[in-house]
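S.K.: Below are the chains, spelled out letter by letter.
Protein chains: 2
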Amino acid sequence: MTNNTPSKKTALRTHTCGELTAANAGQTVTLTGWVDSKRNHGGLLFINLRDLYGVTQIVARPESPVFKTAEETKSEYVLRVTGQVTLRPGDNPNKNMPTGEIELDAARMDVLNISQPLPFDLGEHAGVSEETRLKYRFLDLRRPRMAQNLVLRSRLSQVVRNYLYSLGFNEIETPMLTRSTPEGARDFVVPSRSNPGEFYALPQSPQQFKQVLMMSGMDRYFQLARNFRDEELRSDRQPEHTQIDLEMSFVDEQDIARVAEGMMKEIFAYIGEEVSGPFPEMEFSDVMLKYGSDKPDLRWALEIKDCSALFKDSQFKVFSGALAEGGVVRAIKGEKGAVFSRGDMDKLTDLARKHGAKGLVWLRFKEGHWDSPTLKFISEAEQAALKDLLDVREGDAMFIAADKPAVAAQCLGALRKELIARLKPAQIKKWAFLWVRHFPLLERDAESGNWTFTHNPFTAPLPEEEHKLDTDPGNVRSCQYDLVLNGVELGSGSVRNHTRAMQEKIFALMGYDKEQVQRRFGMIVNAMDFGAPPHGGIGMGYDRLIGLICGTDSIRDVIAFPKTTSGACLMSEAPSPIDEKQLKELHLKIVE
Amino acid sequence: MTNNTPSKKTALRTHTCGELTAANAGQTVTLTGWVDSKRNHGGLLFINLRDLYGVTQIVARPESPVFKTAEETKSEYVLRVTGQVTLRPGDNPNKNMPTGEIELDAARMDVLNISQPLPFDLGEHAGVSEETRLKYRFLDLRRPRMAQNLVLRSRLSQVVRNYLYSLGFNEIETPMLTRSTPEGARDFVVPSRSNPGEFYALPQSPQQFKQVLMMSGMDRYFQLARNFRDEELRSDRQPEHTQIDLEMSFVDEQDIARVAEGMMKEIFAYIGEEVSGPFPEMEFSDVMLKYGSDKPDLRWALEIKDCSALFKDSQFKVFSGALAEGGVVRAIKGEKGAVFSRGDMDKLTDLARKHGAKGLVWLRFKEGHWDSPTLKFISEAEQAALKDLLDVREGDAMFIAADKPAVAAQCLGALRKELIARLKPAQIKKWAFLWVRHFPLLERDAESGNWTFTHNPFTAPLPEEEHKLDTDPGNVRSCQYDLVLNGVELGSGSVRNHTRAMQEKIFALMGYDKEQVQRRFGMIVNAMDFGAPPHGGIGMGYDRLIGLICGTDSIRDVIAFPKTTSGACLMSEAPSPIDEKQLKELHLKIVE
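So the protein lines, in turn, are chains G and P. Numbering-wise, the first sequence is residues 1 to 592 according to my numbering. Numbering-wise, the second sequence is residues 1 to 592 according to my numbering.
No lab work stands behind these hints, which were simulated from the structure alone. There's no promise every hint is true.
Which copy is meant is left open, because identical chains are indistinguishable; a pair holds if it fits in one copy or across any two.
[Unchecked claim] Straight line, CA to CA, 25 Å or less: simulated DSS-like cross-link-like pairs of lysine-lysine:
(1) Lys584 <-> Lys404
(2) Lys424 <-> Lys354
(3) Lys505 <-> Lys347
(4) Lys581 <-> Lys514
The structure presented is a predicted model; accordingly, all values stated were derived computationally and were not measured.
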């Protein structure tokens with residue numbers, strides 16, 4: 001992609017602190033950087049000079065005119081040092097640093113800037129609170145790991161762009177000052193000075209604009225887009241986040257999947273990892289059945305099994321009763337889980353209850369025998385069938401939930417995660433991609449009881465199920481697909497509605513009349529009147545992807561200047577009050 | 001940069017409408033696109049099918065099953081057509097279109113979507129109001145010229161990125177939700193729901209964050225950054241605009257200039273134009289003297305000449321009087337300007353008055369004689385010296401202003417533009433780049449009379465003039481440089497202050513006490529305490545650059561979804577009122 005060693009020579013330096021090797025010995029060079037550490041050894045002063053690219057050892061000899069300056073330097077002083085590159089004497093090369101073969105024999109040393117003592121040691125940040133790190137973000141970013149996260153984030157963005165350009169995509173900038181919609185309860189809004197009482201909204205995604213671009217004939221669009229959402233923040237959320245957003249015309253679901261897979265292949269190739277498509281695909285309904293989650297972590301094979309058939313006529317009323325009420329009986333195995341104590345089992349049962357289950361049946365298989373407080377309710381034939389179905393072996397445990405399908409899925413899905421965390425089974429792969437396809441088009445809104453979209457209102461129904469929209473809308477599957485990586489939802493896309501008739505039909509199912517549609521989605525339905533092409537696309541969370549790749553739990557570690565969970569930037573002290581004059585110009589007043 | 005002909009094959013098409021040639025004759029292909037035009041010729045129906053990549057002629061024969069569908073199609077219907085590629089019969093190749101050798105003999109034709117009649121004809125938009133074009137932006141963008149503007153904008157952004165990556169820059173995203181400052185009268189602000197009464201500001205530029213990135217050791221930063229400014233809009237302004245923003249550590253002015261020049265070379269090479277650096281450099285004071293503007297259009301050589309020395313002891317009191325009061329006498333020649341009538345001269349005099357001049361002396365040189373109402377006040381020796389100094393020849397005109405230096409510069413600068421517009425002298429180059437260097441560091445604020453910065457408060461003074469900060473701050477030149485192209489200010493950059501002492505000294509000159517500095521610029525001055533490196537950078541207006549390259553007067557032609565001069569998006573109808581509930585959650589009330 002890029003030359004890996006571009007010259008970074010400037011007026012102030014000939015080389016960086018990361019590039020000198022034995023091949024440079026004898027050359028006179030000038031380096032600039034920060035005092036990373038300093039030590040006195042046998043009368044000589046050794047300074048480790050650091051920049052983004054590495055560390056080079058500087059030597060100041062007692063007889064040299066630079067010695068006094070070197071003595072006076074302190075941690076994080078900014079230096080400019082000129083001298084000769086010399087091989088480290090004898091047996092001293094440091095194999096742990098790329099510049100470990102050489103040192104710089106300082107002949108001239110200028111202090112370009114001084115530094116106050118740091119509020120924390122850059123080398124030992126483990127004990128430093130995140131609050132302090134965020135307040136002094138400019139120092140936290142000097143830590144090589146943080147700096148390398150940002151470099152990798154940057155380089156991978158260029159991998160993404162090069163890949164998409166190679167497929168004929170164009171990056172098109174969509175507006176940041178957009179229209180607020182009544183749906184936009186979580187919109188950040190921006191008062192317009194020249195239109196008193198009116199507001200722009202910052203985009204939650206470029207969704208409508210990118211669809212309009214397809215309607216304008218732009219054919220293949222992408223954007224590394226900044227999106228905004230004003231909501232309660234959790235550790236993996238930020239008020240602004242970056243999305244790899246793309247849209248294509250004249251495509252089906254598979255076309256889009258192939259583009260996304262090719263992108264992942266390029267990204268992972270850059271970090272030396274091989275991933276290859278097509279990625280596994282599963283129906284939404286299957287994935288809920290087998291893993292109890294719409295974003296299962298398939299680094300582990302562990303599956304939930306349906307055992308409803310085994311218990312249809314069971315004497316155990318908990319099972320047969322649930323089945324009689326339209327429920328299911330499902331089980332999951334905990335390999336080597338027989339080590340769990342009664343206390344452990346109680347905790348796992350609590351977890352299941354937290355996810356809505358009335359209870360949890362557990363069994364341990366130890367020394368050739370089942371062990372469980374509920375064993376007496378399960379016949380020997382049922383025990384044998386279960387053992388067979390779940391391939392239970394010596395030392396394993398098993399957990400059974402009998403409940404409504406959604407509840408059984410949710411509690412066993414949570415249990416699956418917990419079993420993986422506690423029992424640490426072997427990973428079957430390092431990077432587990434999965435397409436989850438065919439989400440339901442509509443679901444009942446919990447509050448109003450009306451139909452509402454599951455992902456976004458522009459998703460098309462599966463063509464072969466369109467006919468059910470009139471009779472059985474809850475069972476119409478959509479062209480919606482999520483891309484999951486290691487249990488994280490990376491992206492979500494769909495083939496969209498492109499005719500006004502279908503789009504209005506779906507809005508009608510959600511209870512919107514024509515006037516409401518016009519007011520809320522006027523731009524996009526108007527554009528559908530003038531020859532909108534079939535189209536679809538996907539948006540992928542870039543912060544999350546980079547977080548996974550950098551191996552961090554917090555996306556704050558891959559964002560240069562993140563906000564806290566209360567939406568504050570501790571470094572710049574945003575947000576802040578504004579003055580009365582400005583409020584007045586905006587025709588606004590602050591009220592309790 | 002990219003493969004120019006990536007496959008755009010999808011589930012719905014085998015080729016695009018821009019790629020079939022005689023080499024494809026005999027192949028069965030499927031195209032998708034819009035009905036651009038249709039005509040009936042000898043019983044055959046010819047449809048020009050259009051997509052982003054071109055136009056292909058479709059033939060529907062009367063005997064074919066597709067004929068009826070073809071007959072029913074209308075302008076902008078979306079079609080999918082399968083058939084055989086055939087050479088156009090006999091002498092019919094259309095050399096004006098890349099696909100002009102072939103046509104597609106339709107065997108199957110599906111209407112993928114219909115279209116209502118368009119509100120304006122895509123081919124003839126000259127008479128269409130910009131308001132209509134903006135309301136139906138999705139249609140306006142179907143016009144090939146508009147679409148190609150967006151494609152070129154996109155491609156050039158990748159040229160920029162590839163170039164900067166090749167020099168070791170990293171693109172780092174800075175926050176959009178930043179801190180509002182008291183200076184930020186033109187900030188767009190964003191109320192924070194979770195911090196009632198507090199606001200974020202959208203960035204007017206990433207200036208402070210990019211400097212902090214240098215202080216964090218990131219060494220070379222760039223970003224194609226979205227900037228915001230809530231101000232009265234003119235035809236070349238938008239509330240949000242894109243900037244190529246970069247910053248480098250351990251550099252001087254020349255390092256940054258070379259990077260910017262290399263970028264321009266790459267950009268112009270992409271469009272087949274050769275430009276090469278180093279670009280000419282001029283001192284701000286010289287450029288004002290010679291061209292009467294800090295962004296002169298050097299496609300024309302035309303220069304203002306100082307003739308103060310000629311008139312020191314002149315009998316003409318208008319000249320000698322102005323000189324005695326510390327003013328100047330300057331002149332500009334209008335080549336072939338003797339054609340100007342008295343009426344023309346009156347208009348040019350009005351122009352000079354509009355720019356603050358008390359009057360304008362003009363002379364025409366016709367048939368070997370001077371002609372001017374003020375000729376009698378100018379001695380023959382003065383006339384001869386003027387003719388010599390300005391190299392006046394038969395048929396030329398000359399204009400003289402006697403005034404304070406700033407007024408003379410401004411009115412002759414305006415006159416220079418007008419003379420170029422009216423007399424249309426030959427361009428000496430197509431792309432005239434110019435570095436304007438060493439702007440004054442400070443100027444008097446028109447309102448308060450205090451010193452204020454001319455560009456931004458972080459610009460460093462020229463090192464050799466630092467000593468004058470205490471004694472003569474108004475005459476300290478800065479490390480500020482503007483890049484001008486064809487009379488348009490493309491970008492502005494500087495070497496920055498990197499020590500807290502110098503930064504505070506400059507703030508003190510501007511009348512800020514320590515507490516105000518901390519409140520307004522706390523983030524950046526705090527970071528200066530901990531080893532800030534020498535650094536500098538530049539920001540270049542991307543919309544303007546692309547506008548120049550696309551040869552359009554309006555940056556709205558190179559922005560996908562621009563706003564009107566009142567800040568409205570006519571397509572999405574932003575801004576708009578928000579509901580009471582949302583206002584309440586934001587703790588805001590709208591007042592008169």
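S.K.: All the hints need checking, so say for each whether the structure fits it.
M.R.: Hints, one by one, checked against the model:
1. Lys584 <-> Lys404: Cα proximity of Lys584 and Lys404: none, with 56 Å in one copy and 40 Å across.
2. Lys424 <-> Lys354: Intra 22 Å, inter 81 Å, cutoff 25 Å: intra-copy only.
3. Lys505 <-> Lys347: Result: close neither inside a copy nor across copies, 48 Å intra and 64 Å inter.
4. Lys581 <-> Lys514: between (42 Å within a copy, 23 Å between copies)
Checked against the numbered hints above, the structure violates hints 1, 3; every other hint is satisfied.
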